[in-house]
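Participant: Assemble the dimeric complex from its two separately framed chains, guided by the hints.
Those sequence lines, one after another, are chains A and B.
Using this note's numbering, you'd call the opening residue of the first sequence number 807 and step up by one each time.
Using this note's numbering, you'd call the opening residue of the second sequence number 566 and step up by one each time.
Quick list of in silico lysine to any residue cross-link-like pairs, SDA-like style, CA-CA up to 25 Å: (1) K827/A - L744/B; (2) K644/B - N787/B; (3) K599/B - E806/B; (4) K827/A - R716/B; (5) K827/A - L724/B; (6) K577/B - G823/A; (7) K791/B - M811/B; (8) K827/A - G748/B; (9) K881/A - A855/A; (10) K746/B - G821/A; (11) K734/B - D876/A; (12) K881/A - I759/B.
What follows is a list of derived Cβ distance ranges for each label pair: (13) K644/B - D837/A: 40 to 46 Å; (14) N812/B - D837/A: 30 to 36 Å; (15) R720/B - L882/A: 20 to 26 Å.
Calculated directly from the structure, the hints in this document are not laboratory data.
We put the beta carbon where it would ideally sit given N, CA and C, even for glycine.
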Amino acid sequence: MTNLLSRLFGRAKKGSGATAKDRLRFVLQHDRINLPPERMEEMKSEILAVIVKYLVVDKDRVEIDLEQRDRTHSKLVAEIPVAIHTPSANSKPVADSGAPADAAESNGADAELADDDSAVEAAKSDSPKDAKEAKADEDEEDKKP
Amino acid sequence: MGGKVVTISSGKGGVGKTTATANLGISLASLGKKVVVIDADIGLRNLDVIMGLENRIVYDLVDVVEGRSKLRQAMIKHKKFDDLFLIPAAQTRDKMAVSPEDMVKLANELREDFDYILIDSPAGIERGFRNALEPADEVLIVTNPEVSAVRDADRIIGLIEAADKGPGKLIINRLKTELVKKGEMLSSDDVFDILGLSIVGIIPEDELVLSASNSGIPVTLNMQSKAGMAFNNVARRVIGEDVPFMNLDENPGILQRLAKLLNGR
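Only chain B is shown next, with the shape it has when bound in the complex (with noise of 0.2 Å):
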């Protein structure tokens, strides 16, 4: 059948969804994936500056949908990656402008020449969401470990699940480790126990996220970030690797270090 269609949502909006769909979407293509990535955001375009694209579209979803443009003619090709492309939603239009059928067909056609098509989906629960929903194989949930974003992703996921494309797997951002040590922000353990579905990465807070945001290079390509290496983590763990998860304990106490010295660790 082809390439697999992955979905990004999460519900609740700021979350990190279109952070995390560039940032898979560098992190596939960098393993020799074929990707393209669709922002089907309509009306809020978004993909296209964080993956720093933006002065290169000319057609958009909306335009090949209704026929004004040929789908090759509405893929970016990404600076870095041959085989990295990006449909840009529209901006100047609304989500009624596309069916979930227009995205079935769309998918299917993409399925044929490429490993990975990623959609952003909108934020909410609305004809965006079912847009992006409809064609996905596998939907993967980005959440924040704060109570409203939980809650949003509980309600995702049960629609999820009712539309016959569950579970999906979660992605938590923007972890915080100091604040969970200190019982100050819900744990990775916590949200697992809360929504009960598989976590397939874990993103710590990471203020070279919004360096990169500026510039337009997604974090991933940043050999310093730890962020940028937990979205790696899971990119890889999308194509089927077994990848353990980071130690994001970045200064550990010193008796925590002496511990270790002790256990020869």
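So that you can see chain A by itself, here it is in the shape it has in the complex (with noise of 0.2 Å):
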């Protein structure tokens, strides 16, 4: 009955058709770098608790996706939100100077993040309390608009 309604409002319901392909895209990614879903979750975990002991990462925005253009090539892309270290915690700098975080933030977990100062410094730093404070920063960033 319900289908007949959703059929008679036009409210096309996705066919099983369609979540077959999902599934299979799915499914024949892991397959094919030998590798299941769940040791693919392990290896991010992994991944994210190494560069946790560098840097300060946002881990809600974090993505590491297998990206496959056909049978034979795929890639590993991570995109990895760090937070920008700030001299001190009450002043604004990430702020006023954008700059420095959108470049941090597009790089994601690129090579350049290690040349760049302030993310290298938001890692040297042994206190977890200036780190925190880091990232409450760039969090409230964030929210502007």
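Facilitator: What follows is the structure, encoded as structure tokens:
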């Protein structure tokens, strides 16, 4: 009945054919690199665990995904936003000089990040409090339009 | 170099490899080609019954490989076509009785006298598949528009490419047009998107295929059958003809018919 109604009102429900396609894509991605989804998740958290030792990472926005162009070409693409270290937690240098923050973000986990002084400094800082504040600062920055 | 060796494989069993092999053999023969079909599924012989030749078997593939019979003695001529032969699988042995090298030797011998040597590969990715793959010049992969069949096809395609026999071509078998229209079945385009191989055949679901295997008369010999026509088209593409894909939409709705009328088609 619901089926009939939804059809009458033109609410095109996604057919099982489309579900089949999505599921196949997912399963083949993992078949082709011979790494089951669970192991992939394990790997992601291990990668993150290493990065977190050096940088403050916005864990909610981390994206590590497998991209597949075709059967023989796959790549792992990671976007890992890191917090920018602020010399003084009270001032807002990040907000004022938007450029470095942007750069760090768009670079994600790129090698360039290591060259970014602020990011490296944040990593070197042994004080977890410092790091937390830096993260909080960045979050605040995010909320601004 | 003479004849061409075409291996028909699938990964998953039951998708219609043997049916496809039998029908391709018949179609190629009816196009005037000299054809031999080899059942490489040792221990699970089936191509003979699909082709209606089960009563004539004296020697089989393993007999030839082990030297108990001459190649010619094991070749069974088809009832309708003088240039179509079957080399049956042994029923009481297993796949290890034949090696990939044996198959290459056999195929090379057959190349001299035949235009096409079709090899019906067993399901799976083990020895039997290796036997069928080794002598291949071209590989056709049969799949159904279903999750498990496509997944297994992908696995087989990877192995075919790793063996330098790629890229291979797809035969999508048992496509149900009405279900595709309702969005309840993978379309041939979906399968192409996922597997990325070119499609050499789209065979619609057709009850006549079952009647054909019941009676041992492959469905290509039935002019009424859409599946038969589709298999015939595959054969023509295999020999290099450019054949458009059939319109599988059997019962166009009234709106579509009206649209066709208005478009003057």
